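Q: What follows is the residue order along each chain.
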Amino acid sequence: MKTIREWIKKHRNFNFFAGAGITSLILLVALVGIFYTPYASTEMNAAAKNAAPSLQHIMGCDNYGRDIFSRVMEGIRNTFFISLATVAIGTFAGILVGSVCGYFGGLPDDILMRVNDALFAFPSILLALVIISLLGTGTINVVLALGIAFIPSFARIVRSEYKKQVTLDYVQSARLMGAGHLRLIFVHILPNIVPVLLSSVMIGFNNAVLAEAGLSYLGIGVQPPEASLGRMLSEAQSYLFTAPWYALFPGLVIVLMVLGFALLAEGMTEE
Amino acid sequence: MKHYGKKLIAMLLTLLGVSFIVFAAFEIIPGDPALSKLGDNATPEALAALRAQMGLDRPFLLRYLDWLGDCLKGNLGESYSYHMPVIRMIGDKLPITLTMTILSMLLTLLISVPAGVLLSKYAYSKFDRAGYVANQFLMAIPSFFLGILLTWFFGLILKWFTPGGYVSYKKDFWAFLSYLFLPSIAIAIPKCAMSIKLLRSAILAEADKDYVRTAYSRGNSTMEVLYRHVLKNAMIPLVTFWGMAVADTIAGSIVVEQVFNIPGLGRILLTSISHRDYPVVEAVILLIAFVVVLMNFIVDLLYRRLDPRMRKG
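Just so you know, the protein sequences line up as chains C and B, in that order. With this note's numbering, letter number 61 in the first sequence gets 61, and the count goes up by one each step, no holes. With this note's numbering, letter number 189 in the second sequence gets 189, and the count goes up by one each step, no holes.
Bound-form chain C, shown alone:
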């Protein structure tokens, strides 16, 4: 516990607290959204079609008279967990590929990094689109597609860190002590690249949020009637004139989500 307190003391700055505040608010809404929403997210109400924000519906209603706030809550939850799973896949596979490449080097490294370079030519949302076109739509496939699309960038970062660490004295001494390759890779080196990994995970999370929102805006992603922030935006576009709040609130929530995490990441690296 002491170390956490010291750590917070060291990183006490505006960015960190603003980011932590926004992120915990979003997280709270996502968690509450699992158990409770003011209205059922699919409950339609013909009398409240495109209703403006009011005390009953604080973000107004959509074209079916569904409560936008309830749908936003569900959307945050979906986006949050999809992004989390995406980053988990990307990080895990990235560590596996990157550590082996960076640690051993040689021909496998050359080949894998060439493949990585080639994969890098595809923007991640495009790569995800291709994978989805092969796998089909649906939440699980979106997670898989985005996760796979994120592997190259993580692998690249991990690899370059391993390349640096491998030459350091502590690795040499551990090797002399008789530590095997696996032990060196995961017990000795891995903890030392955590700081670098942490900041790229946070940036990766933001990219995942943006990519997920983009995919569901394109209609590929979480499928209706399940709510997703991106799809709400695309549906809202037809009602921009009569109900601008329908587009405004889901969009602002995406912005807040990304902003909170970006500030948090910045605050953590700032001295």
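There could be a bad hint or two in this list.
With beta-carbon atoms standing in for the labels, derived distance ranges [stated by the list, open to error]: (1) B:126 to C:163: 40 to 46 Å; (2) C:108 to B:28: 21 to 27 Å; (3) C:225 to B:70: 40 to 46 Å; (4) B:56 to C:53: 57 to 63 Å; (5) B:109 to C:34: 43 to 49 Å; (6) C:140 to B:60: 26 to 32 Å; (7) C:31 to B:126: 34 to 40 Å; (8) B:164 to C:49: 22 to 28 Å; (9) B:177 to C:49: 34 to 40 Å; (10) C:169 to B:124: 39 to 45 Å.
Partner residues are not named here, just some residues of chain C that face chain B (Cβ under 8 Å, in silico) [claimed, not checked]: (11) 115; (12) 125; (13) 129; (14) 247.
Here are a few chain B residues that face chain C, going by a calculated C-beta distance under 8 Å [what the hints assert, rightly or not]: (15) 13; (16) 137; (17) 140; (18) 141; (19) 248; (20) 273; (21) 281.
Don't read these hints as lab results, they were simulated from the structure. Source: prediction; values computed, not measured. For each residue, glycine too, the CB sits at the ideal point set by N, CA and C.
We have chain C; now place chain B onto it with these hints.
A: For chain B alone, coordinates are given in the frame of chain C:
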């Protein structure tokens, strides 16, 4: 010169890798192209004949080489759903997406360099703080949401343009360009915010170095030092960023095209994905990846021009 040759070979290798990945990815799709072409009622004999005719019975590597040769000749196959050559379908869409990408890259450059210089000139002032906050906020906006906001404000409130009123470049080039302006802004703004931030910190980092003090002591004014010495060095990390931003910009344009109802590569990609029209998907993906690799190559050349130290190394 030797270096450029090396880079060229590396680029060609990457392109080869890209084409192989695309081909292999579409090989592992479950389903038989001959079957999807003939329909479910085809006789086994007809299927076998078509498979032989399409070369599907040959080994994987040979088919890849054939396909690659066809691609180089400009033959990208035939669309399953429209029964026309893919090259004709995407040929006149490419200029639209490319124009949008170039326009937004240009806007990023034209906005971020002066703004970054301005912010670093007034570093640590209230103006700088305000710029910082605005930057953080703009970086977090997804470009398609920005596009919707721009449509709402400029299209529906101010009525400066008609949303969805896209004009083909073949009909009226200037109307086409002016319609692409707002979408390009929507793509450029988040990228601008990032480059402004990067440039500001690069300039401030450079400003502490010895050569700046030397330049001052030789009687140069701040403006001279800034433009002739500091900016040149501060631009180097920025060029790397712009190189990476190219891929993002193209990806962004695919999404933003949908916001503004522009019939570019993005539209064709999405419809062909939903129709499972694989030859078209394959061609579009390949094309975009080629553009990205090519742009990165150009950025790399620029990098060398900008930084003489790189030319020797």
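Q: Against each hint, give a clear statement of whether it holds in the structure.
A: Against the structure, the hints:
Checked against the given bound of 40 to 46 Å, the beta carbons of residue 126 (chain B) and residue 163 (chain C), roughly 44 Å apart, stay inside it. The hinted window of 21 to 27 Å between residue 108 (chain C) and residue 28 (chain B) holds, with their beta carbons roughly 22 Å apart. Distance hint check: the CB atoms of residue 225 (chain C) and residue 70 (chain B) are about 44 Å apart, consistent with the given range 40 to 46 Å. The hinted window of 57 to 63 Å between residue 56 (chain B) and residue 53 (chain C) holds, with their beta carbons roughly 58 Å apart.
The supplied range of 43 to 49 Å is met by residue 109 (chain B) and residue 34 (chain C), whose beta-carbon atoms lie about 45 Å from each other. Under the hint 26 to 32 Å, the C-beta atoms of residue 140 (chain C) and residue 60 (chain B), about 29 Å apart, fit the expected range. Between residue 31 (chain C) and residue 126 (chain B) the beta carbon distance is about 38 Å. The supplied range of 34 to 40 Å therefore holds. With their beta carbons about 23 Å apart, residue 164 (chain B) and residue 49 (chain C) fall inside the hinted range of 22 to 28 Å.
Between residue 177 (chain B) and residue 49 (chain C) the beta carbons are some 39 Å apart, a value that agrees with the proposed interval 34 to 40 Å. In this structure the hint that residue 169 (chain C) and residue 124 (chain B) lie 39 to 45 Å apart at CB holds, the actual value being about 40 Å. The closest approach between the C-beta of residue 115 (chain C) and any C-beta of chain B is roughly 6 Å, which is under the 8 Å cut-off, so the hint is satisfied. Because the beta carbon of residue 125 (chain C) sits about 5 Å from the nearest beta carbon in chain B, less than 8 Å, this interface hint is met.
The beta carbon of residue 129 (chain C) is positioned within 8 Å of a beta carbon in chain B (closest approach about 6 Å), and the interface hint is therefore held. Of the supplied interface hints, the one on residue 247 (chain C) holds, with its beta-carbon coming within about 5 Å of a beta-carbon of chain B, less than 8 Å. Hint status for residue 13 (chain B): holds, given a least beta-carbon distance of 7 Å to chain C, under 8 Å. At a threshold of 8 Å, the smallest CB-CB gap from residue 137 (chain B) to chain C is about 6 Å, leaving the interface hint in force.
Contact between residue 140 (chain B) and chain C, as hinted, is supported at the beta carbon level, the nearest pair being about 4 Å apart and thus within 8 Å. Checking residue 141 (chain B) against chain C: minimum C-beta separation of about 5 Å stays under 8 Å; hint holds. Proximity of residue 248 (chain B) to chain C holds as hinted, the smallest CB-CB distance being about 6 Å (cut-off 8 Å). For residue 273 (chain B), the suggested interface contact is upheld, since its CB lies about 4 Å from the closest CB of chain C, less than 8 Å.
For residue 281 (chain B), the interface hint holds, the least distance from its beta-carbon to any beta-carbon of chain C being 6 Å, beneath 8 Å.
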